[in-house]
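If you're matching them up, the sequences are chains A and B in order. If you're matching positions, the first sequence starts at 1 in our numbering and goes up one per residue. If you're matching positions, the second sequence starts at 1 in our numbering and goes up one per residue.
What the hints contain is simulated information worked out from the structure, not anything from laboratory work. Since this is a predicted model, take the numbers as computed values, not measurements. It cannot be assumed that every hint is accurate.
Per the computed footprint, the stretches of chain B lying under chain A, defined by three or more beta-carbons under 8 Å from a beta-carbon of chain A, are [what the hints assert, rightly or not]:
# : stretch
1 : 4–17
2 : 23–35
3 : 64–71
Here are the computed distance ranges between Cβ atoms for each label pair [stated by the list, open to error]:
#  : chain 1 : residue 1 : chain 2 : residue 2 : range
4  : A       : Asp74     : B       : Pro59     : 29 to 35 Å
5  : A       : Lys3      : B       : Arg47     : 31 to 37 Å
6  : A       : Ile38     : B       : Arg39     : 41 to 47 Å
7  : A       : Glu46     : B       : Asn23     : 20 to 26 Å
8  : A       : Val15     : B       : Arg41     : 25 to 31 Å
9  : A       : Glu37     : B       : Gly40     : 43 to 49 Å
10 : B       : Asp74     : A       : Glu51     : 17 to 23 Å
11 : B       : Pro59     : A       : Phe68     : 21 to 27 Å
12 : B       : Arg41     : A       : Arg39     : 39 to 45 Å
13 : A       : Ile38     : B       : Gly40     : 43 to 49 Å
14 : B       : Gly77     : A       : Arg76     : 37 to 43 Å
15 : A       : Gly61     : B       : Gly40     : 35 to 41 Å
Just so you know, even glycine gets a beta-carbon here, dropped at the ideal spot from N, CA and C.
There are 2 protein chains.
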Amino acid sequence: MSKSIFYHAGCSVCVSAEHDIVNLIGSDNLEIVNIGEIRGRIEEAERAGVESVPALVTPNGNVLHINFGASMKDVRG
Amino acid sequence: MSKSIFYHAGCSVCVSAEHDIVNLIGSDNLEIVNIGEIRGRIEEAERAGVESVPALVTPNGNVLHINFGASMKDVRG
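With the hints as extra help, turn the sequences into a complete structure.
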C-alpha cells in the first residue's frame, strides 16, 4: 500500500492532529510534510485538493481535512 | 487498544469519509455510529466534543472533525 500524506504547517492544531493520526494509522504508513517549512510542496498539496491544514491525502487520492489550523491562503502568506 | 468511534449522520460527505477511515485504520479498530438514526447517542457525541459530523473520537478521547457534513445543530434538527 502506498502511504498517506499528512500536510501541516506546524500550528498547534496541526501538531495535535498529527499525533492522533500517527497513533491511528502508524508512522510507517504516513509521510508527514510541513508545508510551512517545505514551501516547494505547497503547490503539490493544492493540486491534491488540500484547502486547509492539517489535511490527510489518502493512498487513493481522497483529501480528509481534519479540524482546522490554517487555510492554504494563510500558509502562502 | 480501545476502539475509535466514527460519528456520522448518513450524508454523502460522511459516507465518503467513513470509507477512507475504514481503509486507513481498519474496521476492527472502529465503531461506526450513525447519530442520524441512533439519536440516543447524540448527547454522548456532544459530550465527547463532537461539533460536526463526520467526526472521529480517538481512543484517548481527542476529536478529529473530518471535512464537513453537518453541524450537531443540524443533526438535532
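Each hint, compared with the structure:
Counting residues of the stretch 4–17 of chain B whose CB lies closer than 8 Å to any CB of chain A gives 3, so the stated coverage by that chain holds, three being the minimum. Counting residues of the stretch 23–35 of chain B whose C-beta lies closer than 8 Å to any C-beta of chain A gives 4; at least three are required, and the coverage claim holds. Restraint check on the stretch 64–71 of chain B versus chain A: 5 residues with Cβ-Cβ distances below 8 Å, three needed, restraint holds. For Asp74(A) paired with Pro59(B), a C-beta distance near 31 Å keeps the hint of 29 to 35 Å intact.
Separated by about 34 Å at the C-beta atoms, Lys3(A) and Arg47(B) satisfy the suggested range of 31 to 37 Å. A hinted range of 41 to 47 Å for the beta carbons of Ile38(A) and Arg39(B) is consistent with their spacing of about 45 Å. In this structure the hint that Glu46(A) and Asn23(B) lie 20 to 26 Å apart at CB holds, the actual value being about 24 Å. At about 30 Å, the CB distance of Val15(A) to Arg41(B) agrees with the hint of 25 to 31 Å.
Distance hint check for Glu37(A) and Gly40(B): the Cβ-Cβ separation is about 46 Å, which falls inside the suggested range of 43 to 49 Å. Distance hint check: the CB atoms of Asp74(B) and Glu51(A) are about 21 Å apart, consistent with the given range 17 to 23 Å. About 22 Å separates the C-beta atoms of Pro59(B) and Phe68(A), a value consistent with the hinted range of 21 to 27 Å. Under the hint 39 to 45 Å, the C-beta atoms of Arg41(B) and Arg39(A), about 43 Å apart, fit the expected range.
Distance hint check: the CB atoms of Ile38(A) and Gly40(B) are about 46 Å apart, consistent with the given range 43 to 49 Å. Distance hint for Gly77(B) and Arg76(A): a CB-CB separation of about 39 Å, consistent with the stated range 37 to 43 Å. Checked against the hint of 35 to 41 Å, the pair Gly61(A) and Gly40(B) passes, with Cβ atoms roughly 36 Å apart.
The structure shown violates none of the earlier numbered hints.
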